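Q: Here is how the chains run, residue by residue.
Protein chains: 2
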Amino acid sequence: VSASADQRHPEARGDAAVVAVIGVGLIGGSIGLAARERLGAEVRGHDPDRGALEAAARLGVIDVACDALEDALDGADVAFVAAPVGTLPHVVDAVLAHAPPGCVVTDAGSVKRGVVSGRDDERFVGGHPLAGAETAGVEHARADLFDGATWYLTPTEGTSGVLYDRLQRTIAGLGARPTAIDAGEHDLLMATVSHLPHVLANVLVTEAAQALGRAGDGRERLPATGPSFRDATRVAGANTAIWTDIYLANRDALMRRIDDAVTRLGEVRAALERGDASAIAEWNDGAREDRRRLLEVGIAGGPVHELRVSLPNRPGVVAQVALELGRAAVNIEDMALYPAADMTSGVIALFVRGDDDARRAEELVAGLDFPVVRA
Amino acid sequence: VSASADQRHPEARGDAAVVAVIGVGLIGGSIGLAARERLGAEVRGHDPDRGALEAAARLGVIDVACDALEDALDGADVAFVAAPVGTLPHVVDAVLAHAPPGCVVTDAGSVKRGVVSGRDDERFVGGHPLAGAETAGVEHARADLFDGATWYLTPTEGTSGVLYDRLQRTIAGLGARPTAIDAGEHDLLMATVSHLPHVLANVLVTEAAQALGRAGDGRERLPATGPSFRDATRVAGANTAIWTDIYLANRDALMRRIDDAVTRLGEVRAALERGDASAIAEWNDGAREDRRRLLEVGIAGGPVHELRVSLPNRPGVVAQVALELGRAAVNIEDMALYPAADMTSGVIALFVRGDDDARRAEELVAGLDFPVVRA
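Going line by line, the protein sequences match chains A and B.
1 is the number of the first residue of the first sequence in the working numbering; add one for each residue after it.
376 is the number of the first residue of the second sequence in the working numbering; add one for each residue after it.
Read the hints as simulated data drawn from the structure, not as lab findings.
Since the structure is predicted, the reported quantities are computational estimates derived from the model, not experimental observations.
Glycine is no exception: its CB is placed at the ideal position from the N, C-alpha and C atoms.
Do not rely on the hints blindly, as some may be mistaken.
[Said to hold, decoys possible] Label-pair distances were calculated between CB atoms; the ranges are:
hint	chain 1	residue 1	chain 2	residue 2	range
1	B	Thr638	A	Asp71	51 to 61 Å
2	A	Asp285	B	Asp522	24 to 34 Å
3	B	Asp660	A	Asp369	48 to 58 Å
4	A	Val347	B	Ala645	52 to 62 Å
5	B	Asp449	A	Ala270	46 to 56 Å
6	B	Gly435	A	Asp285	33 to 43 Å
7	B	Gly435	A	Gly302	36 to 46 Å
8	A	Ala277	B	Arg631	36 to 46 Å
9	A	Ala279	B	Arg425	27 to 37 Å
Could you put the whole structure together from the sequences, leaning on the hints where they help?
A: Below, the structure written as structure tokens:
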């Protein structure tokens, strides 16, 4: 635990007084803006693209433009790495090499195993904000980009509880909803709900273009259709530089999802070939029911409950609690960690909205054998 | 050509003074409302579901509720059959058997070959309005349901030009954009831009439910995701009664589309397995370009041009002209047919919006060797 963390802890937000943003595109720039406006932080930026760095300074996205990575990290409490997925492991290593001992380092990549696994520095926590990427570039940065957005964090057993706590509160301060998830589970989830849908959208448009295109007459405009094709293909051909990296970084999980989709298509095809109306009807009813269950929105409102959990002094317990709640889709609205003076144990306060989620959180934490009380 | 058609022709709309609606659900009910409100027609309704028929009368969707099909068709100028796709061939045959000689009969089914092929009555024209089906039932009927919507019509060589002309104008009067298309092309188009997207949406949700579901803990709520999964699966599990019919009625075309999708998925998978970044990038760039071309919206505005086309007196020429323009995505805003007194030839006036589309229409019609002039 660094001097800077101890010094300011436990005042919320105050412990992210200096924020480093490495990579000032849409995401990094929006982090910078939100950190300046909402946390009152001093934001130090670095980007290998000098034009982007200058634009960030000119637009007020960062306070200080640093040509050298070391300068951006000087005195930083939190460092955000917003670099392309393909270069993340390399950039994160460089940041960890130059960041102060008490600085928590996170990234914003859409695939997590590659950057998380084998990187056992207690200061590093993988991250992934689920926020817009359709208009790239610092000129589109907005302080409110993360408002209400889920921001996945992938702590591991090796993660410092104090630093995780600081990162969780910093991200909540940016307006997002930090949610802990295991890196492997995250990548499976994204393969299923994001990467495969992108692949299928691409398949749909290329198939339509070939089936319907009338080469040579110069008028390949699609005949009028309902809105469903537009919706289903909205993400087709997303930013190639970003998505080639994502597809390849998560290719193991994505190939399994593709195989599964092909199997399922084969089953539907067989039912069609048999003219099996009852199989088709059952499959369609099942899909409706699956979607209802998957997308059913929990009751978002309700009072905020504070749970106080006593934690033993051993590595990874904060991550363990956060991951357990993340797995059950119980959102931690806020978090505060109070280490005992002798550091042999500590208490973590978890703020959870809604009676059901609070009860559920209490059960889950108790299930981990940590004493828990409602404050 | 019936007395009733001759008598009122060529006054637009006035030749749909009596409209029969067979099947008064959402679509039939909305046709009834629009025909009453916008065409000033007398609407006679029939439905095997007595409750629906009574509701339609009570809601003012129809003027007259007829228990017998024959009564609904008595004196009708236009008959709309809005029955489930599976029963359409049977119901259309019954309607043709009872409809007056000069009555144009159309349907509203989402698949067209099954009902069009082999049904060579000159009074029948297949139809398919691209308008909402998410809230079924006459109580959701709205006079503006078809405003601006494409309404496909599938005339054949055997279709009466006079009756096609009347139907085209009636449908434009309901607020829709009638567009001629070959029945087989229609079904291929729908397999590609609607039925396959529905299948893929079902596959996505069932796959996600199985990959992410945690059986037993009673909390299968999907972890937070961006909006793309919601968009991509919006049509999953659409009305089973309607969609089982649609999938089966178009199964030949749909199976070919599924096979094509499986082939394309295999290609992407192979590129992922090879770690072939340039193949992935090229595929993704191609998808973006395909989507841009497919969904690029033509300039909708501009002045309306009237083209006058001289037509020989032989069957199917009106359908031929309409299909040629439909194929090129040139929309006919309105149409009027003026048969010569001796019926050896006629002139059709086509109203087309925009300079480009008018020029294109002129070329296409000239290409069919029919004399054409701008009025």
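Q: Could one say that the CB atoms of glycine 435 of chain B and glycine 302 of chain A fall in the range 36 to 46 Å?
A: Taking Cβ atoms as reference, glycine 435 of chain B and glycine 302 of chain A lie about 44 Å apart, which means the hint holds.
Q: I want to verify a distance hint. Is the separation of the beta carbons of alanine 279 of chain A and arginine 425 of chain B within 27 to 37 Å?
A: Given range 27 to 37 Å: holds, Cβ gap about 32 Å.
Q: Hint says 52 to 62 Å; check whether the CB-CB distance for valine 347 of chain A and alanine 645 of chain B agrees.
A: 53 Å, holds
Q: Could one say that the CB atoms of threonine 638 of chain B and aspartate 71 of chain A fall in the range 51 to 61 Å?
A: Check passed, 53 Å falls within 51 to 61 Å.
Q: Using the C-beta atoms of glycine 435 of chain B and aspartate 285 of chain A, is the stated range 33 to 43 Å upheld?
A: About 34 Å separates the Cβ atoms of glycine 435 of chain B and aspartate 285 of chain A, which means 33 to 43 Å holds.
Q: Given the hint of 36 to 46 Å, check if alanine 277 of chain A and arginine 631 of chain B actually sit that far apart at their C-beta atoms.
A: Hint violated: Cβ distance 20 Å, outside 36 to 46 Å.
Q: The hint says 48 to 58 Å between aspartate 660 of chain B and aspartate 369 of chain A; measuring C-beta to C-beta, is that right?
A: 53 Å, holds
Q: Does the Cβ distance between aspartate 285 of chain A and aspartate 522 of chain B fall inside 24 to 34 Å?
A: The hinted range 24 to 34 Å holds for aspartate 285 of chain A and aspartate 522 of chain B, with Cβ atoms some 32 Å apart.
Q: So does aspartate 449 of chain B sit 46 to 56 Å from alanine 270 of chain A, Cβ to Cβ?
A: Holds, at about 47 Å.
Checked against the numbered hints above, the structure violates only hint 8.
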